[in-house]
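Number of protein chains: 2
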Amino acid sequence: MDIRSEIPARDIERFFSKALEFSASARSLILSQLAVGFEVKRKADKSFVTSADLRVEEYLRELIRRQFTGHGVIGEEFPPSNPGAAFQWVMDPIDGTEDFVHHVSTFGSILALHYRGLPLLGVIDHPALDLRVSAAFGLGTRKNGERVILTDLDPTAIDGSERVTLSARANFIKHRDDGALFDAVVRAHPNHRIYRSCYAHSLAAIGAVDAAIDYGEAIWDIAASQILLEEAGGKFTIVREWDTAAGRLYGVMMGKPAAVDRLARIFNQ
Amino acid sequence: MDIRSEIPARDIERFFSKALEFSASARSLILSQLAVGFEVKRKADKSFVTSADLRVEEYLRELIRRQFTGHGVIGEEFPPSNPGAAFQWVMDPIDGTEDFVHHVSTFGSILALHYRGLPLLGVIDHPALDLRVSAAFGLGTRKNGERVILTDLDPTAIDGSERVTLSARANFIKHRDDGALFDAVVRAHPNHRIYRSCYAHSLAAIGAVDAAIDYGEAIWDIAASQILLEEAGGKFTIVREWDTAAGRLYGVMMGKPAAVDRLARIFNQ
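Chains as they are written, first to last, in the numbering used here: chain A, 1 to 269; chain B, 1 to 269.
Please note that a few of the clues may not be correct.
[What the hints assert, rightly or not] Covered stretches of chain B (chain A as the covering partner; in silico rule of three or more C-beta atoms under 8 Å from a C-beta of chain A):
no.	segment
1	95 to 103
2	187 to 196
3	231 to 242
None of these hints come from the bench; they were simulated from the model. Cβ atoms here follow ideal geometry from the backbone N, Cα and C, with glycine treated the same way.
Throw the hints in and build the complete structure from the sequences for me.
Here is the structure:
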């Protein structure tokens with residue numbers, strides 16, 4: 001039995017409605033930071049962090065603390081709070097910070113609620129694109145509030161022309177020596193795009209691409225994606241996971257089931 | 001002497017001001033087509049064309065015919081008009097049609113005016129991003145009306161972490177067997193993005209990426225980019241050109257001069 005069924009539907013609806021409120025508030029804050037400007041720093045691993053990332057995460061943590069005192073929070077920029085709680089909010093306040101810094105519109109804000117490790121709801125918001133993709137357990141996936149249902153590809157018609165997004169090659173070689181996997185995917189699916197942000201996950205959840213591969217990502221990067229895909233009738237699968245000094249990293253695939261299955265075969269060769 | 005200097009400055013200003021008007025009109029039409037919907041077809045080469053591409057190009061051609069009767073027009077969807085004229089408007093009404101079809105926001109509308117083969121002005125408009133990048137000879141490059149000046153990279157500090165966009169591998173293997181060039185670039189610059197549209201050119205012109213490579217493109221795909229880059233203090237260079245049954249195709253690079261020079265070295269190895 002799926003332990004998420006233990007949770008009353010009205011609770012899920014309430015959590016979902018609050019998550020959408022939180023996401024809308026985060027969007028306003030992000031847009032105001034873009035307008036007024038923000039400080040940019042490099043972390044030890046040379047990735048970017050801005051005063052906007054910190055402010056948005058603090059703000060979301062405060063909203064959650066006020067509404068859901070006993071819940072835990074896991075975020076990119078601050079240590080976990082209430083790590084033992086059954087309900088855990090997981091967030092990346094600004095995913096694609098390097099693009100955000102350069103005003104490239106594909107960055108997004110990720111917020112999810114997990115229950116005993118299973119995703120209960122997920123929201124990816126793209127402030128600069130006026131695009132919000134959201135889903136909750138049993139309630140379906142929505143693009144700006146409108147229900148999305150994916151139509152699978154005909155597995156016999158798959159010929160490599162499918163629309164696939166993947167991580168940059170940097171992600172395949174930063175922690176592991178998996179450049180050959182990148183090379184195999186770009187050869188098998190030459191009609192690819194690389195966004196370096198959760199925009200790829202959003203596009204897979206709404207069917208605007210057939211499948212997405214993201215590699216070497218942390219829990220907050222992928223926290224919303226499983227429920228977004230599964231509630232749309234898509235498939236989400238973890239194909240690799242490994243531990244680093246900075247925490248556990250994941251390689252994931254998501255999209256229309258037949259397209260994901262083809263990619264999985266490439267990965268398992 | 002640059003033959004563009006023959007043209008009175010007030011003429012260039014008038015052409016530029018009209019081009020910005022045309023681009024704004026095209027944006028309105030594109031957004032209305034996105035809202036009401038459009039027909040999608042596949043061309044013989046399996047690329048997409050929509051009723052929106054045709055309507056926008058017809059509309060732009062009509063605007064140009066009324067304002068500049070003696071000028072020529074070269075566009076993706078219809079045969080050239082006035083092919084012998086010194087002034088030639090070159091357009092791709094919707095560049096990134098496959099993304100447009102799927103409501104992926106990076107598509108753009110390209111409009112340029114060339115004088116005896118040299119670019120006089122260029123506009124790339126991104127209706128879904130509220131982003132318009134424009135330039136005219138001697139008048140500088142602008143992002144939504146604000147002047148842009150690129151700062152070059154320090155050539156001694158280039159280490160492969162530069163922000164580079166490139167065409168999908170499909171573009172390198174569709175007409176030529178140049179997959180190895182794609183592979184060399186993604187290895188030398190693992191911090192890459194792939195947009196499959198003129199969004200990459202716009203980002204290079206405003207300095208949001210350091211360099212862009214586009215491969216296997218027609219004249220209307222690249223028509224605006226040289227002037228956008230050069231008026232911003234950047235570099236634009238054609239690295240390959242070849243003829244096909246469908247016309248001449250180009251491989252181009254553009255961006256901050258030091259980043260373009262490094263990419264050119266990879267190409268010439």
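Each hint tested on the structure:
Check result for the segment 95 to 103 of chain B against chain A: holds, 3 residues qualifying (beta carbon to beta carbon below 8 Å, three or more required). Counting residues of the segment 187 to 196 of chain B whose CB falls under 8 Å from any CB of chain A gives 8; the rule of at least 3 is met. Counting residues of the segment 231 to 242 of chain B whose C-beta sits closer than 8 Å to any C-beta of chain A gives 0, which falls short of three, so the coverage hint is violated.
Comparing the model with each numbered hint stated earlier shows that hint 3 is the single one that does not hold.
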